[in-house]
Amino acid sequence: QKEVEQNSGPLSVPEGAIASLNCTYSDRGSQSFFWYRQYSGKSPELIMFIYSNGDKEDGRFTAQLNKASQYVSLLIRDSQPSDSATYLCASQGGGSQGNLIFGKGTKLSVKP
Amino acid sequence: KAGVTQTPRYLIKTRGQQVTLSCSPISGHRSVSWYQQTPGQGLQFLFEYFSETQRNKGNFPGRFSGRQFSNSRSEMNVSTLELGDSALYLCASSPTDYEQFFGPGTRLTVL
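As given, the protein sequences belong to chains E and V, one line each in that order. Residues 26 to 137 in this note's numbering are what the first sequence spells out, letter by letter. Residues 31 to 141 in this note's numbering are what the second sequence spells out, letter by letter.
A portion of the hints provided could be inaccurate.
[Unchecked claim] Pairs of lysine-lysine residues, derived as DSS-like cross-links and limited to a Cα-Cα distance of at most 27 Å, are as follows:
1) E/K129 x E/K27
2) E/K67 x V/K43
3) V/K87 x E/K27
[What the hints assert, rightly or not] Using C-beta positions, here's what the derived DEER-type ranges look like:
4) V/G46 x E/S134: 21 to 27 Å
5) V/R60 x E/S134: 37 to 43 Å
6) V/R39 x E/R85: 45 to 51 Å
7) V/P125 x E/G34: 27 to 33 Å
8) V/E112 x E/G34: 37 to 43 Å
Simulated from the structure, these hints should not be mistaken for lab results. Quick reminder that beta carbons are idealized off the backbone N, C-alpha and C, glycines included.
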């Protein structure tokens, strides 16, 4: 059974702090990893994806991947109240294995 | 570019009925995937279509089916509805084998 595990939270950080969201996955064959943000009552919105070991930065967001440890993380710098949402981590197999396997999400609350 | 559209946005059905949901992908996207989201189980993969062919299928009973048309639009059907089928059904389209973009979803309530 391929699984993606996330701490459900809630994770509470003060405005301006760094929020660190973590995720582990069970399938060593997973090739790509995605972070989605989902506001209450809305559909998931893609923040970024990563498929190589190391860090990938996009604005205030940094995704980190460690395939040896089967670990993915998302750092949000200078957190804003508008970042308050549920963050979903997803893994994807390679090639035509297009389906995403999602964790149940971590709820982030950024306090002003 | 217009995003993924799903219709209807809300549906109320009774047990035993069937329902058809529709998804129009982003223009140029040939892959369409369907997911079910519930508070208890989170987001679960139903199936994926690419060029009118089902390419992947999740662990759902045969009551859940889908298809894709030549214009990449997709439909999913749920027959003999059960109370547990109440969920948000999300469609996602993809231009490649990587990132997927979600539509607003169809909220199905089964009474």
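Comparing the hints with the structure gives:
Distance hint between E/K129 and E/K27 is fulfilled; the C-alpha atoms sit about 13 Å from each other, no more than 27 Å. With a C-alpha separation of about 22 Å, the suggested pair E/K67 and V/K43 falls inside the 27 Å cut-off, and the hint holds. For the suggested pair V/K87 and E/K27, the alpha carbons sit about 14 Å apart, so the restraint of at most 27 Å is met. Between V/G46 and E/S134 the beta carbons are some 41 Å apart, a value that contradicts the proposed interval 21 to 27 Å.
Taking 37 to 43 Å as the suggested C-beta distance range, the pair V/R60 and E/S134 conforms, at roughly 38 Å. Take V/R39 and E/R85: their Cβ atoms lie about 31 Å apart, and the range 45 to 51 Å is violated. For V/P125 and E/G34, the hinted distance range of 27 to 33 Å is satisfied, since their beta carbons lie about 32 Å from each other. Range check, V/E112 to E/G34: about 31 Å between beta-carbon atoms, so the 37 to 43 Å window is missed.
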